[in-house]
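Taken in order, these protein sequences are the chains called A and B.
Those letters in the first sequence? Residues 56 to 168, per my numbering, in order.
Those letters in the second sequence? Residues 56 to 168, per my numbering, in order.
If you are wondering where the hints come from, they were derived from the structure by calculation, not from laboratory data.
Note that the coordinates shown come from a computational prediction; the quantities given were computed from them, not determined experimentally.
Treat the hints with caution; some may be incorrect.
Each computed DMTMM-like pair below joins lysine to aspartate or glutamate, with the alpha-carbon atoms no more than 25 Å apart [what the hints assert, rightly or not]: (1) B/Lys144 / A/Asp57; (2) A/Lys143 / B/Glu69; (3) B/Lys144 / A/Glu69; (4) B/Lys144 / A/Glu64; (5) B/Lys143 / A/Glu64; (6) B/Lys117 / A/Glu64; (7) B/Lys117 / A/Asp57.
Residues on chain A that point at chain B, a partial pick, calculated with CB under 7 Å [unchecked claim]: (8) Leu62; (9) Val93; (10) Ile164.
Cβ atoms here follow ideal geometry from the backbone N, Cα and C, with glycine treated the same way.
Letter by letter, the chains look like this.
There are 2 protein chains.
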Amino acid sequence: MDHDSALFENLVSELRRGTLILSVLALLREPQYGYSLVSGLESHGISIEAGTLYPLLRRLEKQGLLDSEWDVDQSRPRRYYVLNDSGKKILALLSAEWRRMTQAIEVMIQTGG
Amino acid sequence: MDHDSALFENLVSELRRGTLILSVLALLREPQYGYSLVSGLESHGISIEAGTLYPLLRRLEKQGLLDSEWDVDQSRPRRYYVLNDSGKKILALLSAEWRRMTQAIEVMIQTGG
DNA sequence: TAAATATACTATGCGTCATACACTATTGTC
DNA sequence: GACAATAGTGTATGACGCATAGTATATTTA
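Hey, can you work out the whole structure from these sequences and the hints?
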């Protein structure tokens, strides 16, 4: 990997940053376990490592946006995560702010200011 | 400021992160000095502190995406920054990736997966 | 039986933003 | 003439985040 593409990859990482939370919150309106979240995001073209996701889930739960519980009734134990009311509220606010930002940026990309 | 809005502000900060670079690069297709960048971003609804912008400009220059020079012919010295060829290339790539990401996220926000 | 997939998780380093801080020149107002 | 507001550039540091690398096991498939 040459310098330019390394730099590009780094900038893309930074773009992904922050939006990751929004993506995860959006998917967590329905209960999901970690592995299904990784697959779900991947299927939407958003790649994330498990080692990145789990600490994020811990943090979101600590911040009181989601709840989690183990399901041990299936072939294998899975820990399910889902938004609670607070999380749903934040998701709505964040989505609105996201759209506002994307529109502003789109204008700048197109016109240059 | 209560807990919820503090949390929300924090998440918005994270959203802004990364997109800041894209915004700055977009505006720097035309030469700008620091203060004009802050005003320009502000007029698009993207707020940024000068203390955040200048280190970012240093970094982008160090990464070889932009050039800068002092203009001392005006009433007051100003340092102008502008994208170079490498920066323009990166901006084009990054814009494309940005649009791809926003579309993916929009789908997730709307459908939940 | 071997390999691939499914599944969960932690620790730590590196990089980035935000805040606080420091400084000067010009313009406008009373 | 004095004072405030605006214009303008920058640095240092702390808090916090992702990414990488690593660990571990169960189930399915070949």
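Status of each hint after checking the structure:
1. B/Lys144 / A/Asp57: 15 Å, holds
2. A/Lys143 / B/Glu69: 18 Å, holds
3. B/Lys144 / A/Glu69: 17 Å, holds
4. B/Lys144 / A/Glu64: Holds - the C-alpha atoms of A/Glu64 and B/Lys144 are around 13 Å apart, at most 25 Å.
5. B/Lys143 / A/Glu64: Since the Cα atoms of B/Lys143 and A/Glu64 sit roughly 16 Å apart, the hinted pair holds (cutoff 25 Å).
6. B/Lys117 / A/Glu64: 17 Å, holds
7. B/Lys117 / A/Asp57: 17 Å, holds
8. Leu62: With a closest approach of 6 Å, the A/Leu62 hint holds.
9. Val93: 13 Å, violated
10. Ile164: The hint holds - A/Ile164 has a Cβ within 7 Å of chain B, the shortest such distance being about 5 Å.
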